[in-house]
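> Let chain G serve as the given structure and place chain W on it in line with the hints.
Protein chains: 2
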Amino acid sequence: MPSISSKGRNMPPSPIRKLVPFAEAAKQRGTKVIHLNIGQPDIASPEVALDAIRHLDRTVIEYSHSAGYESYRKGLAAYYAQHGISVTPEEIIITNGGSEALLFGMMACFEPGDEVIIPEPFYANYNSFAMAAGVTVVPVRSTIQDGFALPAIEAFEALITKRTKGILICNPGNPTGYLYSKAELETLRDIVQRHDLFLFADEVYREFCYDGAQHVSAMTLEGIEQNVVLVDSVSKRYSMCGARVGAFITRNKELYAAALKFAQARLSPPTFGQIASEAALLTPASYFTAVVEEYVQRRDILVEGLNSIPGVFCPKPKGAFYCVAELPIDDSDRFCQWLLESFQLDGFTVMMAPATGFYAEPATGRKQVRLAYVLEKSLLQQAVAVLNAALAVYPGLVKGLETSSRATAH
Amino acid sequence: MPSISSKGRNMPPSPIRKLVPFAEAAKQRGTKVIHLNIGQPDIASPEVALDAIRHLDRTVIEYSHSAGYESYRKGLAAYYAQHGISVTPEEIIITNGGSEALLFGMMACFEPGDEVIIPEPFYANYNSFAMAAGVTVVPVRSTIQDGFALPAIEAFEALITKRTKGILICNPGNPTGYLYSKAELETLRDIVQRHDLFLFADEVYREFCYDGAQHVSAMTLEGIEQNVVLVDSVSKRYSMCGARVGAFITRNKELYAAALKFAQARLSPPTFGQIASEAALLTPASYFTAVVEEYVQRRDILVEGLNSIPGVFCPKPKGAFYCVAELPIDDSDRFCQWLLESFQLDGFTVMMAPATGFYAEPATGRKQVRLAYVLEKSLLQQAVAVLNAALAVYPGLVKGLETSSRATAH
Chain G
0 MPSISSKGRN MPPSPIRKLV PFAEAAKQRG TKVIHLNIGQ PDIASPEVAL
50 DAIRHLDRTV IEYSHSAGYE SYRKGLAAYY AQHGISVTPE EIIITNGGSE
100 ALLFGMMACF EPGDEVIIPE PFYANYNSFA MAAGVTVVPV RSTIQDGFAL
150 PAIEAFEALI TKRTKGILIC NPGNPTGYLY SKAELETLRD IVQRHDLFLF
200 ADEVYREFCY DGAQHVSAMT LEGIEQNVVL VDSVSKRYSM CGARVGAFIT
250 RNKELYAAAL KFAQARLSPP TFGQIASEAA LLTPASYFTA VVEEYVQRRD
300 ILVEGLNSIP GVFCPKPKGA FYCVAELPID DSDRFCQWLL ESFQLDGFTV
350 MMAPATGFYA EPATGRKQVR LAYVLEKSLL QQAVAVLNAA LAVYPGLVKG
400 LETSSRATAH
Chain W
0 MPSISSKGRN MPPSPIRKLV PFAEAAKQRG TKVIHLNIGQ PDIASPEVAL
50 DAIRHLDRTV IEYSHSAGYE SYRKGLAAYY AQHGISVTPE EIIITNGGSE
100 ALLFGMMACF EPGDEVIIPE PFYANYNSFA MAAGVTVVPV RSTIQDGFAL
150 PAIEAFEALI TKRTKGILIC NPGNPTGYLY SKAELETLRD IVQRHDLFLF
200 ADEVYREFCY DGAQHVSAMT LEGIEQNVVL VDSVSKRYSM CGARVGAFIT
250 RNKELYAAAL KFAQARLSPP TFGQIASEAA LLTPASYFTA VVEEYVQRRD
300 ILVEGLNSIP GVFCPKPKGA FYCVAELPID DSDRFCQWLL ESFQLDGFTV
350 MMAPATGFYA EPATGRKQVR LAYVLEKSLL QQAVAVLNAA LAVYPGLVKG
400 LETSSRATAH
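In order, the protein sequence lines correspond to chains G and W. Take numbering that gives the first Met the number 0: the final residue in the first sequence is number 409, and no numbers are missing along the way. Take numbering that gives the first Met the number 0: the final residue in the second sequence is number 409, and no numbers are missing along the way.
Simulated from the structure, these hints should not be mistaken for laboratory data. Incorrect hints may appear among the rest.
If chains are identical, the list can't say which one is meant, so a pair holds when it fits in one copy or spans any two.
Restricting the straight-line Cα-Cα distance to at most 27 Å, the calculated cross-link-like pairs of lysine-lysine (DSS-like) are [stated by the list, open to error]:
#1 LYS73 to LYS252
#2 LYS31 to LYS161
#3 LYS252 to LYS17
#4 LYS376 to LYS17
#5 LYS26 to LYS73
#6 LYS252 to LYS161
#7 LYS26 to LYS252
#8 LYS73 to LYS17
#9 LYS73 to LYS31
Just chain G, with the same shape it has in the complex (with noise of 0.2 Å):
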């Protein structure tokens, strides 16, 4: 029997799936799983991409152009353009989801042993397209105590070497919630001129920011208009996770054909998709303003009931639909196996995505959770207090935190 690679053996399993055997056993058992552990939001998605869908008057499913339907492109670089954004339809390649344009992205601009710097916590399968591409993954950390703020320029000086060679930011943040500012872009910017780097800006998110707070966008830094790739998706955007529709844009032309050649190689990306992805762009504003409101709501109960549970701490996030919280416990993915194995409150357990896999360095996140808050509210006050429940009987409770205690003080 043939031996498989390196890569297959080394690739990490997902932190937000490595726990679904548990759950579906759970499940068996009569427990009902509340599932924080992914962001695969309720939220219906826009009446006018189904119906784009439901209308289909193709007889044959033919593949598009490699960089996605001009149509879409054109409409999406006017969608960019009402957003602050001005890109054209020719340096926009639709994607099989964001992920696809992350491997595009790695793949076209690195060599296997360059080095890309990553703000952590960060978004599990960043490791694993940096895996694919032999790329290697540098963090740079943030913390809880500051709500996962760009960590001092310092820090990022003091991790460049000869072979980094970009850095990649999530904003709005997955898995914290955290949403930078001008300023803290403008210092990314500074680095990335300093040393001639890539940056990689993956704003899926960027609908969703809250409480007032404007989304500044990484393409409209002004100095790095060649260094910047752009990592869309609908998936978040329109609750439209399925269509698998996402966009690797770049103003750099050199990249964006090698980029394209990737494309070129597995053809198209999906029809289906790209049609839903069409006509969502008709969506109302309505529709987000109302999502928008819905989501803060579904994140008051759920920071504010994890803020009332005594030795636990989440900041209060800015944007996107996840929090990080830390919690009295001796081991994360411990619990989130235990709180499926042998916990349940009134017939509910809760499942959550150990953050440990959002860290380069597993044991940082020992003591922390990813939750999404992507379900109905009173599922989300029902998750509070199974977790309230939940950490009063956990036998591997550790007290005393010094974040926890500053939690407190919240």
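Frame of chain G, contents of chain W only:
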């Protein structure tokens, strides 16, 4: 401005799509371009698949399982059983087209620098996926004189080194249309077994076998159950290229687990495409009977037409819907471009794929082109007329080829 990666620079442009700008210019001049360059059939997708999309009853377009919907994988396993291939739903990962199955396989099986032997001419994008994974493609030459039969076992043995980790075949073959016999597959099995290699079998044209020929799947070869990776796709089977739904299939549990981690990183295959593909499993047998009959007629018109042109030789394919023809020309890239730029007959010209892109060493395919007989018969007749007239006046004509003198005897 940061420099792009060497992969980005060296990734080959698609030979199928690289002449697109010349075709667009021809169309703008009012010339009708007969597209024989790309395997995009004009055959209607099955009604049952389109109806499933039109009757979509979901309100949220969610992620599916990373391996694809279980119901679809169960249906696929039953489909394979009907074709004499015994696999379980747990041995199948649904992918973004056959393309992603190839990429997962290359990444999960091979180290950068490992060698994979591929009978050439071969599907051009194998080069691209190999380059993405850092794998070296080692071609073993099949010749047009032998109708592109499998090279002798000695030719494979001569190429095997310490870095050889796999063999990749396409059966029936793109671009040649060659269908491997059971004896040829058993030869491959012996080599694979002797050297403990992976055998990738791209069988996306399984349904398209002509003149009573039977397809033999690599999955039915005894003794190499742990070595075979089956690559599949609905693109050609149901004329649904744009659905972007394929499959990675292996009985090797370690390899499956590794490939699943790559699948988890990109979250899920497309939901709409899976809905259509699952419904397409109910396509009546009469659909395939009619389609195969149509392709046989198209093949006969194109291949007989080509062989009637002085100096042209085209073996008669037994499967898929492509053929490779040798022409009395100086350079197929130049000829294909000239057809689009400088030639028309009755307002028509023909777009073909230069075979240079289907060989590891482009010069080998300098006199050959790939043609896809995916258009209606009258257009194929028109295409033959265009090529006949073009070859009478093409400035780069070369006479007296050895193979073309053979061709006149066919």
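> Indicate, hint by hint, whether the structure satisfies it.
Hint check results:
When the C-alpha separation of LYS73 and LYS252 is checked against a cutoff of 27 Å, the pair qualifies only within one copy, where the shortest distance is 18 Å, while the shortest distance between copies is 45 Å. Taking the closest pair of Cα atoms, LYS31 and LYS161 never come within 27 Å of each other, the shortest separation being 51 Å inside a single copy and 53 Å across copies. Proximity of LYS252 and LYS17 under a CA criterion of 27 Å is satisfied inter-copy only: 17 Å between copies versus 39 Å inside one chain copy. In this assembly of identical chains, LYS376 and LYS17 lie within 27 Å of each other by CA distance solely inside one copy; the values are 26 Å within and 52 Å between copies.
In this assembly of identical chains, LYS26 and LYS73 lie within 27 Å of each other by CA distance solely across copies; the values are 21 Å between and 45 Å within a copy. Taking identical chains as interchangeable, the C-alpha atoms of LYS252 and LYS161 lie at most 27 Å apart only when both belong to the same chain, with a minimum of 25 Å there against 40 Å between chains. Taking the shortest Cα distances, LYS26 and LYS252 sit within 27 Å of each other only across copies (26 Å), while inside one copy they are farther apart (51 Å). Taking identical chains as interchangeable, the C-alpha atoms of LYS73 and LYS17 lie at most 27 Å apart only when they sit on different chains, with a minimum of 22 Å there against 39 Å within one chain.
Taking CA atoms no more than 27 Å apart as the test, LYS73 paired with LYS31 passes between copies only; the shortest distance there is 26 Å, against 45 Å inside one copy.
The earlier numbered hint that this structure contradicts is number 2, and it is the only one.
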